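Colleague: This is what each chain is made of:
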Amino acid sequence: LSSLLKYIYFFLSLLDLRIPSGSIASRPGTILAAAETFEILVAGVGGHGAMPHLTIDPIVTASSIVMNLQTLISRTLSPLESGVCSITKFDSGDAFNVIPASAVLRGTIRALTTETLLALRDKVQHVVETTAEVHGCNVTITYSPDFYPPTVNDPNLYQEFSKSVGALLSDSGKVLDTEPTMGAEDFGFVAERLPSTFFFLGQGSGTNPPTNYGLHHPHFALDESVLHRGVELHVNLALRALRKLAESEGDVASS
Amino acid sequence: VSQLNEELKKKRLFFLFSLFFFLFWLLLLGVSLKKVYNISFQTITDWPSNLAHTAIMKQRSLFSFLLFSSVLNSITGVPSFTRGKNTQEEKQQELVEVIIDLGEVHLSPKSSIPGSRRNDVVEAFFAYEDPSSSEALKNEIHDVAFDLQDFLVSTRRTLHRHPELMYTEQATSAYIQKALKAMDISFTSGWAVNTVPDAIPGPGGYGVVADIGTGREPCVLLRADMDALPILEKTVGVDAFKSRNDGKMHACGHDGHTTMLLGAASVLKEMEDSINGTVRFMFQPAEEGGAGGKRMVEEGVLTRNPKPKQAFAMHLWPT
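Going line by line, the protein sequences match chains A and B.
If you count by the working numbering, then the first sequence holds residues 2 to 256, one letter each, in order.
If you count by the working numbering, then the second sequence holds residues 25 to 343, one letter each, in order.
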């Protein structure tokens, strides 16, 4: 039955594809989020599981921290803005009857602007520190060495140039409009310095193996039939952008 | 090469020493066993038959382990059971010495004559010869790119077989450089050095940058990423090119991104003399949280001449 359900799910998900193989998607403005990751070390006092009053339990404190962080997005962020705060690792303890001395949490925060990300980061810091203090634990937060800025497609470049080149290479003859995703990209570091465009190259219609498993999924498979389309998109973007740049420089020179 | 051989000899010597010590330790173990428990290897035969069998099997497996170790050592030059105990220095030496070769680059020879890489369609496009030149360019690129399909698939599978995590993309980088050499494209390597080794392990420095075109402005930049993720691959039906680095997987399509950019480099190189401007190729490591792109920006990938005016990148997207 479960395999039958899997097949049904698979065919349903084919119908639900937002960008199938052969299509290209993008959008003007922010397309990928800004991201920061953090590790929280909660230090308490360990002891016997039967005598919690003689310990400072880091697991309860860390649990409180996880729960208190849940209201950051819902209660402190404007309903019109986007943000994510996910705890993705909770590591503590080894035994049935021992209260451990420390707990480690890891997680990530995402937002569509650097300002919101940094504001969120300050709020995380505040919630973590005050919650730990309430429970009498010491706490240290370590952030990643480099947070990621959002990846922003230059609106002018996109409307006047990239959109039409993408449309040339898309089976449907147009670039599908996509929502921004809360994933993050190194290309943001380039895009914050140069007018840039980031495309999603659809690849979800492959069947052997199915290529519509999400990114970072252990079953993720690549649809090799779209590789040449990516090559074409690269080459078309490069050549057409060069001609347009030469053209605009010529205009500047003549005027 | 002679230096490498010397290093290998040293390693063999080291292995022989460790083998000797191991045998010595076995002897000591035997002596102590006899002293404490009064067991000797002769008495094994007096044991109940199944017990004796397991004991002998244990001896055999030990022997086969030693044999296996020495065979492995003669192949790799690294004693297998001392690998984890190396000092930091030795580990770094290993990184420099053993460059994993991912195999051949399957690039079919091109029709154009080397030294004169011209393409009439591209020239017509840049000269605005005809209103139809834009459509012609698209079709020309499509034909050339479609012919590359075998190269694209083989390159992508080669990269998929050998996923490497951020700042350790040594073999991937070497393969990219090999492919660029096969295409007769000059490049610079050593980009994206890891500046935060305390936070993220790995030396970095595996980024590659290549320029194609006149070497003058205007210039545009194309980018692809090349690192993999710490995921155990469970994809079915890809046994021919499944990840051979257990626990690492190209689950974000970066093998495809690198392949597509290599394909674009091949296409553009074949029309290089007809391109009015420069296309910069940025193969960047450490995208999955390591900010390899930021490192390359800091190292000047956007500011070296000719300076790129615009940048483009793409991501394979399954959902």
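Keep in mind the hints are simulated off the structure, nothing from the lab.
You may find that some hints are simply not true.
Facing chain A, from chain B, some residues (calculated, C-beta under 7 Å) [what the hints assert, rightly or not]:
#	residue
1	Val220
2	Pro221
3	Gly271
4	Arg328
5	Lys331
6	Ala337
Quick caveat, the model's predicted, so the values are computed rather than measured.
We put the CB at the ideal spot given by N, CA and C, even for glycine.
Colleague: Could you run down the list of hints and mark each one as holding or not?
Modeller: Hint-by-hint comparison with the structure:
no., hint, result
1, Val220, "holds (4 Å)"
2, Pro221, "violated (10 Å)"
3, Gly271, "violated (11 Å)"
4, Arg328, "violated (13 Å)"
5, Lys331, "violated (9 Å)"
6, Ala337, "holds (5 Å)"
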